[in-house]
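Residues in the sequence shown are numbered consecutively from 114, following the working numbering.
Everything labelled a hint here was simulated from the structure, so no lab data went into it. There could be a bad hint or two in this list.
Computed cross-link-like contacts, DSS-like style, restricted to lysine-lysine with a CA-CA straight-line distance of at most 27 Å [as the list claims (entries may be wrong)]:
#	residue 1	residue 2
1	293	262
2	499	304
3	293	501
4	262	304
5	293	304
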Amino acid sequence: MSRTVPIPQGLPMERDAGPFAPPRDISRLREARPVSPMVFPDGHEGWIVTGYDAVRRLMADTRFSSRQDIGILHVPYETPGMPAPTEPSPQIPGVFIAMDPPDHTRLRRRLTGAFTVKRMKQLEEHISDIAERQLDELARLAPPVDLVKEFALPVPSLVICALLGVPYADRETFQVNSAKFLEKDVSLEQKMAAYTGLTTYLSELVTRKRAAPGEDILSDLARQDDLTIEELTGAAFLLLLAGHETTANMLALGTFALLEHPEQLAELRANPDLMPGAVEELLRYLSIADIFYRYATEDIELGGEIINKGSTVVVSLLAANHDPQRFDSPDTLDIHRTARGHLSFGHGIHQCLGQQLARIEMRAGFERLLRRFPTLKLAIPAAEVKLKTDMNIYGVHALPVTWTETAR
Numbered sequence: 114m115s116r117t118v119p120i121p122q123g124l125p126m127e128r129d130a131g132p133f134a135p136p137r138d139i140s141r142l143r144e145a146r147p148v149s150p151m152v153f154p155d156g157h158e159g160w161i162v163t164g165y166d167a168v169r170r171l172m173a174d175t176r177f178s179s180r181q182d183i184g185i186l187h188v189p190y191e192t193p194g195m196p197a198p199t200e201p202s203p204q205i206p207g208v209f210i211a212m213d214p215p216d217h218t219r220l221r222r223r224l225t226g227a228f229t230v231k232r233m234k235q236l237e238e239h240i241s242d243i244a245e246r247q248l249d250e251l252a253r254l255a256p257p258v259d260l261v262k263e264f265a266l267p268v269p270s271l272v273i274c275a276l277l278g279v280p281y282a283d284r285e286t287f288q289v290n291s292a293k294f295l296e297k298d299v300s301l302e303q304k305m306a307a308y309t310g311l312t313t314y315l316s317e318l319v320t321r322k323r324a325a326p327g328e329d330i331l332s333d334l335a336r337q338d339d340l341t342i343e344e345l346t347g348a349a350f351l352l353l354l355a356g357h358e359t360t361a362n363m364l365a366l367g368t369f370a371l372l373e374h375p376e377q378l379a380e381l382r383a384n385p386d387l388m389p390g391a392v393e394e395l396l397r398y399l400s401i402a403d404i405f406y407r408y409a410t411e412d413i414e415l416g417g418e419i420i421n422k423g424s425t426v427v428v429s430l431l432a433a434n435h436d437p438q439r440f441d442s443p444d445t446l447d448i449h450r451t452a453r454g455h456l457s458f459g460h461g462i463h464q465c466l467g468q469q470l471a472r473i474e475m476r477a478g479f480e481r482l483l484r485r486f487p488t489l490k491l492a493i494p495a496a497e498v499k500l501k502t503d504m505n506i507y508g509v510h511a512l513p514v515t516w517t518e519t520a521r
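Please construct the entire structure, taking both the sequences and the accompanying hints into account.
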């Protein structure tokens with residue numbers, strides 16, 4: 114394998130090969146050196162891992178820590194959003210995605226029962242009803258309309274609010290703060306103001322639920338006296354942020370991708386049985402939550418390289434999901450592909466807790482949208498769609514669409 118590739122200076126994140134393709138630089142890096150040294154903008158030396166096999170191995174190896182209180186990880190926790198710190202960041206109670214066992218195990222175990230496949234399947238009809246009602250609202254509007262505002266964001270927001278017991282009337286508060294928190298190029302003060310706004314609201318909410326619990330996930334957690342209000346708030350923050358931002362971006366960007374692949378769109382519309390496989394392929398192809406961080410707690414061999422103890426390691430799920438060593442013609446969207454094994458939900462002990470929920474929401478959302486709006490198309494040229502290159506979760510800021518008729 115060639116070792117002539119230059120060591121990257123910072124993350125090669127610019128999507129310069131089209132709205133759905135990985136950055137050319139990251140693809141070249143993966144082909145030349147899938148486990149590569151890199152230099153962060155502040156001069157800190159670390160590693161970037163882009164090959165599928167190496168990423169999968171790394172995420173299953175608990176010697177690569179998720180904690181950010183034991184070294185400079187360049188984000189304060191794994192949920193994307195914060196700018197690079199210059200010193201270790203303290204752990205945030207309840208944010209278990211940035212913890213290692215046994216702390217991670219204790220908190221995640223409390224939620225595992227809430228997100229079982231069986232429970233998610235029981236929610237499927239309710240989720241379908243939410244999607245259908247939102248499409249009723251969409252059909253009453255005169256096109257063009259923004260599909261993000263009218264469909265892609267409301268559906269997962271309604272679902273996660275119902276699951277967590279968050280009043281949907283409060284969505285403006287958490288959606289604005291979530292969006293600001295996930296922006297890349299804003300000041301630390303703005304970022305912390307958004308974070309504080311979210312956690313202050315959620316702290317008050319979980320305190321009320323502890324006093325008078327209902328029939329929702331946050332109430333289930335609040336009944337457990339050994340969880341502190343701070344831990345409940347951190348867990349609620351993580352679930353609320355991940356529970357609507359990721360699926361909303363997948364629904365919008367996935368629709369954009371399908372509209373730009375009309376033959377596959379037509380086939381999917383004609384044969385809804387293809388939808389489960391198409392959802393997996395869209396998850397792989399788009400890889401909207403791309404960058405994660407780990408911290409080597411000892412010297413570790415990975416992909417023929419020695420990653421020294423104390424090293425910051427950047428993981429690119431986008432690059433791994435487009436690795437030709439794992440997927441044939443990986444930069445091609447193919448709804449017939451068997452994309453199982455993609456890493457869009459992560460891997461190992463931190464694999465996404467809500468992945469079955471996300472799959473159900475996407476299947477219901479795409480299937481009903483395509484059926485109800487058989488003539489759906491972009492209302493502006495594809496090149497004018499504003500991409501979320503300024504955000505830590507990729508997607509589109511708006512997706513103006515139009516149609517000539519609707520199906521009931």
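Taking the hints in turn, this is what the structure says about them:
Only pairs whose Cα atoms come within 27 Å are accepted, and residue 293 paired with residue 262 is accepted, the gap being roughly 16 Å. Only pairs whose Cα atoms come within 27 Å are accepted, and residue 499 paired with residue 304 is accepted, the gap being roughly 22 Å. Between the alpha carbons of residue 293 and residue 501 the distance comes to roughly 12 Å, so the proposed pair stays at or under 27 Å and holds. About 23 Å separates the Cα atoms of residue 262 and residue 304, which keeps this hinted pair within 27 Å; it holds.
Annotation: proposed proximity of residue 293 to residue 304 holds, straight-line Cα distance about 7 Å (limit 27 Å).
Consistency note: the structure conflicts with none of the earlier hints.
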